[in-house]
Structures are given as structure tokens and as C-alpha cells.
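Number of protein chains: 2
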Amino acid sequence: MEQRYSIITFGTSDMARTRSFYEDLLGWQPFMTEGMTAYDAGGFVFGLFGHDELAKDADLNPAVPAAGYQGFAVAYNARSEAEVDELLALIGEKGSTYGAKVLKPAHKAFWGGYSGYFADPDGHAWEVAFNPYWKFEEDGRLILPKPAKA
Amino acid sequence: MEQRYSIITFGTSDMARTRSFYEDLLGWQPFMTEGMTAYDAGGFVFGLFGHDELAKDADLNPAVPAAGYQGFAVAYNARSEAEVDELLALIGEKGSTYGAKVLKPAHKAFWGGYSGYFADPDGHAWEVAFNPYWKFEEDGRLILPKPAKA
Chain G
18 MEQRYSIITF GTSDMARTRS FYEDLLGWQP FMTEGMTAYD AGGFVFGLFG HDELAKDADL
78 NPAVPAAGYQ GFAVAYNARS EAEVDELLAL IGEKGSTYGA KVLKPAHKAF WGGYSGYFAD
138 PDGHAWEVAF NPYWKFEEDG RLILPKPAKA
Chain R
18 MEQRYSIITF GTSDMARTRS FYEDLLGWQP FMTEGMTAYD AGGFVFGLFG HDELAKDADL
78 NPAVPAAGYQ GFAVAYNARS EAEVDELLAL IGEKGSTYGA KVLKPAHKAF WGGYSGYFAD
138 PDGHAWEVAF NPYWKFEEDG RLILPKPAKA
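Protein chains in written order, with this note's numbering: chain G, 18 to 167; chain R, 18 to 167.
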């Protein structure tokens, strides 16, 4: 297995509302909207699929996940502390229209960065963080240290 | 917000076991192992963090997610049907040592590809798929269609 992944897919109970959140509020543009909704996140895909259909696709029981925490989080690394503040302010002001909300306001994090969290319309946790130790490629990919044991 | 994400972090209840699964069985190499364990997945990060600590970091209740389905899936797009078969065979043969298992054997999928699923040691769902319609960059990133409304 190569050391990579290709797609993260979020299950949604209301595709129209969740699409509206990502597209109308956050400005994302899908390249596919039939069946799965898929956004190109820089050669990686961010996908939306029906909550029950996604469970079924994996042969899992589509019981609703525990309210709130779902055992994972996705992070958006912003380019500055100001960008973290702006994005969380946008969610705070307008997110409730879409069922989204701020989970944790931005704050200085113990690891030296600046971070907050929001929940998307289906409760999926997004961290929004500025990490002063990680640099970006122009296209938004991270420039990361080599593996210690490479 | 730029149309991208930077990190996906999985909560784990047993860091040593889960690291052993990704590193010893699947061959991944972390660039960071203190606090968070982090793997460079091509300019994106795949991270492991304590299940409870991750919930706490997001100000969420670390109630154990519903068994099995957690409202999302990550996909690894393989370069061939044979690679799908090989990876699922590896999980099928040796995954139980690490608490991982095949969720759904590989099969021809309705969308024209070839796909199966496994659960990692913490039950996080990974799809392993070959999609004949999506091409790769040499480094494993996907070459995707332009947004319909760009």
C-alpha cells in the first residue's frame, strides 16, 4: 500500500443542505454531483454521500453515530491566524442557517499554533488551525519533515 | 476558505496497536510520533491521536462512537484491480493480529469500478478501490475533472 489516501467521504442526512453549506457558504465547487458529490481538494477528493448509503456501501449498519464525536476530525490548515478567525467568524455568523456551528472558538493551542473547531451540518468535526511550523506549497499542500526512520 | 483540507486525524484507543497496523503491516512511516502520530500522505497528513484526547481537543464528549459505522469513510484508490485484491488479501490474512478486518470483499461496483472495504484497528472504514475513470499523477494524486460551474 502506498502511503497516501485518495478520498474522504462524509455521510450526510440532507445532501441539499450540506451541499449548500460547502458551496454557498464556503465557496467550494464540485466536479461531480450525480450519486456522490465530489470536490477536488488538490488531487485528493472531498466527497459527500448519503449517510445510509455510505454505511450500506461498506456493509455497515447505518445506525446514527454517537451525537457529536465520531472518532475522527478533518483539519483545514489556514495560512494565518487571521484566516482562522475569519473562517470561524463566518461559521459563527451564518453557519446556523445550514445547521453548522462553532464547536470551539479559536485559541492558542498547547502545541504552539492557533486553532478552533466547527461542526458541519452533519456534525463532522473540522479543525481550523494555523501551524507556524508547517509551510505550504503554493497550491496548499503541506511541506512536511521526512520520516524519522526513512 | 480554500477548497482543500490538510489533515485527517483518526482517534485511536490503542496507539501502539494502531501504529503497528499502519507501520508494520501496511508499511507507512511517520514523520512525527510525539503527541500526535503523523504520516505524510503526499502533502496531506494522516494522523493518529488518542480517541479521548481528540474529542477533548474539539470540546466534544468522547462517548464511544456507534459500533462500526462512524458517518464517514476514507478511500485508497489503487492503481489496478490486482492491487485492490492484494491489499484486502493482506488484511484478510494478517489484519486480525492488529484488530483490523475486511468489511466487504472486493467486487465490481455499480459505478463501474472495483471496490472493497476494511476496518482499521479502531473500526475506521477504509474503502480500497480501483476507478478506471480517474487517472493518477506519478505521486499518487488524482487528476480530476474541472468543476462543472467553474
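Simulated from the structure, these hints should not be mistaken for laboratory data.
A few of these clues could be false.
For chains that are exact copies, the list does not tell them apart, and a pair is met inside one copy or across any two.
EDC-like mimics (lysine to aspartate or glutamate), calculated; alpha carbons at most 16 Å apart, straight line [to be verified]:
{"id": "1", "residue 1": "K118", "residue 2": "D76"}
{"id": "2", "residue 1": "K121", "residue 2": "E70"}
{"id": "3", "residue 1": "K163", "residue 2": "E110"}
{"id": "4", "residue 1": "K125", "residue 2": "D76"}
Run the structure past the numbered hints and jot down the numbers of the failing ones, going up.
3
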